[in-house]
Amino acid sequence: DAGITQSPRHKVTETGTPVTLRCHQTENHRYMYWYRQDPGHGLRLIHYSYGVKDTDKGEVSDGYSVSRSKTEDFLLTLESATSSQTSVYFCAISPGQGSVTQYFGPGTRLLVL
Amino acid sequence: KNQVEQSPQSLIILEGKNCTLQCNYTVSPFSNLRWYKQDTGRGPVSLTIMTFSENTKSNGRYTATLDADTKQSSLHITASQLSDSASYICVVSADRGSTLGRLYFGRGTQLTVWP
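Note that the protein sequences, when read in sequence, are chains A and B.
Going by the working numbering, the first sequence opens with residue 1, and the numbers climb by one from there.
Going by the working numbering, the second sequence opens with residue 1001, and the numbers climb by one from there.
No wet-lab data here; the hints were simulated from the structure.
Glycine is no exception: its CB is placed at the ideal position from the N, C-alpha and C atoms.
Where hints are given, some of them may not hold.
To be verified - Every beta carbon over 10 Å from chain A, so not counted as near; a handful from chain B, in silico: (1) L1011; (2) L1014; (3) T1026; (4) S1046; (5) N1055; (6) R1061; (7) G1106.
Stated by the list, open to error - Some chain B residues flagged as far from chain A (calculated, every beta-carbon gap over 10 Å): (8) I1013; (9) Q1072; (10) T1078; (11) Q1081; (12) F1105; (13) G1108.
As the list claims (entries may be wrong) - Not everything, but these chain B residues come out facing chain A in the computed CB check (under 8 Å): (14) K1001; (15) I1012; (16) V1027; (17) L1103.
Sequences are here, hints too, so could you generate the full structure?
Quick look at the structure:
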């Protein structure tokens, strides 16, 4: 998985609790992304980062926040988890934009009860 | 509306046979088109990336074609193997100049290869 780890790999939580997912890379890539994948939908971008402390929203950012204090770590936080946020979350990295490959992590399965 | 449509939704073939997966898109302005393979329980892995000027690209037994005029792409798998069983995702990137190109993901074709 191209030097990308995600933690935790599985999590069960209750509605209303905060949840933080971590993405860690060892490739020193500039760009990092958080996606969610749900049945019947393609991967959808939540947030992305183009450098330390530089982040921007994706198409489904409501209810999520991110932080990137170091090149290697990109955190996704659900401030108050809802059942609609039950999903598989993928982190991805790339060295640049344009016609550049994105490398995906192994995913985190999140169940919000 | 920018969209990526893949067909068929699912496909079952016998080991050793060839198959072709289709991707139609309406994304504009076009930047590039990617095919990913996603094994069950794992993240997607890139197979090919094609820009406007490329109409075919191979990666081992995988060959992708692109017709930018008709906005269609196909992924041809030759001599299928059991390990080819996976979801194949077509992704089209929109050119937004200096800002991050927006990626549009298809829902994938689920391929099952039977022995």
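Now for the hints, and whether the structure bears them out:
1. L1011: 18 Å, holds
2. L1014: With a cut-off of 10 Å, L1014(B) remains clear of chain A, as the shortest Cβ separation is near 27 Å.
3. T1026: 14 Å, holds
4. S1046: With a cut-off of 10 Å, S1046(B) comes too close to chain A, as the shortest Cβ separation is near 5 Å.
5. N1055: Since the minimum Cβ distance to chain A is about 15 Å, N1055(B) lies beyond 10 Å and the statement holds.
6. R1061: The claim stands: R1061(B) keeps its Cβ more than 10 Å from every Cβ of chain A (closest is about 19 Å).
7. G1106: 6 Å, violated
8. I1013: Non-interface label stands for I1013(B): nearest chain A Cβ at 23 Å, farther than 10 Å.
9. Q1072: 18 Å, holds
10. T1078: Holds, because the least Cβ-Cβ distance between T1078(B) and chain A comes to about 22 Å, which exceeds 10 Å.
11. Q1081: At roughly 21 Å from the nearest Cβ of chain A, Q1081(B) sits farther out than 10 Å, so the non-interface label holds.
12. F1105: 3 Å, violated
13. G1108: 7 Å, violated
14. K1001: Where the cut-off is 8 Å and the nearest Cβ of chain A is about 13 Å from K1001(B), the hint is violated.
15. I1012: 19 Å, violated
16. V1027: 12 Å, violated
17. L1103: 7 Å, holds
In terms of the numbered hints stated before, the structure departs from hints 4, 7, 12, 13, 14, 15 and 16, listed from lowest to highest.
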